Amino acid sequence: ETGVTQTPRHLVMGMTNKKSLKCEQHLGHNAMYWYKQSAKKPLELMFVYSLEERVENNSVPSRFSPECPNSSHLFLHLHTLQPEDSALYLCASSQDPQGNNEQYFGPGTRLTVT
Amino acid sequence: ILNVEQSPQSLHVQEGDSTNFTCSFPSSNFYALHWYRWETAKSPEALFVMTLNGDEKKKGRISATLNTKEGYSYLYIKGSQPEDSATYLCAYDAGGYQKVTFGTGTKLQVIP
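Top to bottom, those sequences are chains A and B.
Just so you know, we're using the working numbering here: the first sequence kicks off at 1 and counts up by one.
Just so you know, we're using the working numbering here: the second sequence kicks off at 1 and counts up by one.
If you are wondering where the hints come from, they were derived from the structure by calculation, not from laboratory data.
Remember, it's a predicted structure, so these values are computed and weren't measured experimentally.
Even glycine gets a Cβ: it sits at the ideal position worked out from N, Cα and C.
Each hint can be trusted.
Ranges between beta-carbon positions, derived for each pair: (1) M15(A) <-> S27(B): 37 to 45 Å; (2) E53(A) <-> N29(B): 23 to 31 Å; (3) L27(A) <-> N20(B): 25 to 33 Å; (4) H73(A) <-> Q14(B): 43 to 51 Å; (5) E83(B) <-> A39(A): 23 to 31 Å; (6) S38(A) <-> S10(B): 15 to 23 Å; (7) E45(B) <-> N17(A): 30 to 38 Å; (8) S18(B) <-> H77(A): 43 to 51 Å; (9) V12(A) <-> S10(B): 26 to 34 Å; (10) H73(A) <-> A41(B): 23 to 31 Å.
Far from chain A, by Cβ distances over 10 Å, these chain B residues were calculated: (11) V13; (12) Q14; (13) T22; (14) R61; (15) E70; (16) Y72; (17) Y74; (18) Y76; (19) I77.
Next up, chain A with everything else stripped away, as it sits in the complex (with noise of 0.2 Å):
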């Protein structure tokens, strides 16, 4: 596998589910993304980790709870969601979190919370 891939790449959960998103990067960065779009709004920065730290933090809800157990893979934890919480979410890597570095984009993850 090449660049950023995302599993699963739809979810249905009821509110009361808890769920993992899984991102993993094979090009060597140090810093990884989560990105929430919801329907006709613009990509909302979630979270940055830079070499497995936590550097950013959205005011996101605490029922999104990332973690990052190396420099190669993410994972979005949900639990107790709301339905407003359905959107695609994307990860994305770049090889450094600061800069003008551009970032690389996986697929995506469809979330839809019943």
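Given chain A, work out where chain B should sit, using these hints.
Just chain B, lined up with the frame of chain A:
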């Protein structure tokens, strides 16, 4: 809240036509401006990263210019092809830990 505006929201052009669209961003605390292309059912793909006022970047038939003093960037596509159909996103980077703010994108449809 940073305001990054893209216009138009969508446009349809005939194959062979040239087109351009705009990204407006805050002119203060500028660090970089990113352009991405996002085809349906695919991942966003980086086109350009622009940092200097007056920067011009080119990749094939696509080029971009940057004016940081007035806070805008133009993306140009020369001789549009159906494979150019995608949503084009710009993202304003104020520096720090990739604190990028995305616009809502311009959706381009090239009609064969």
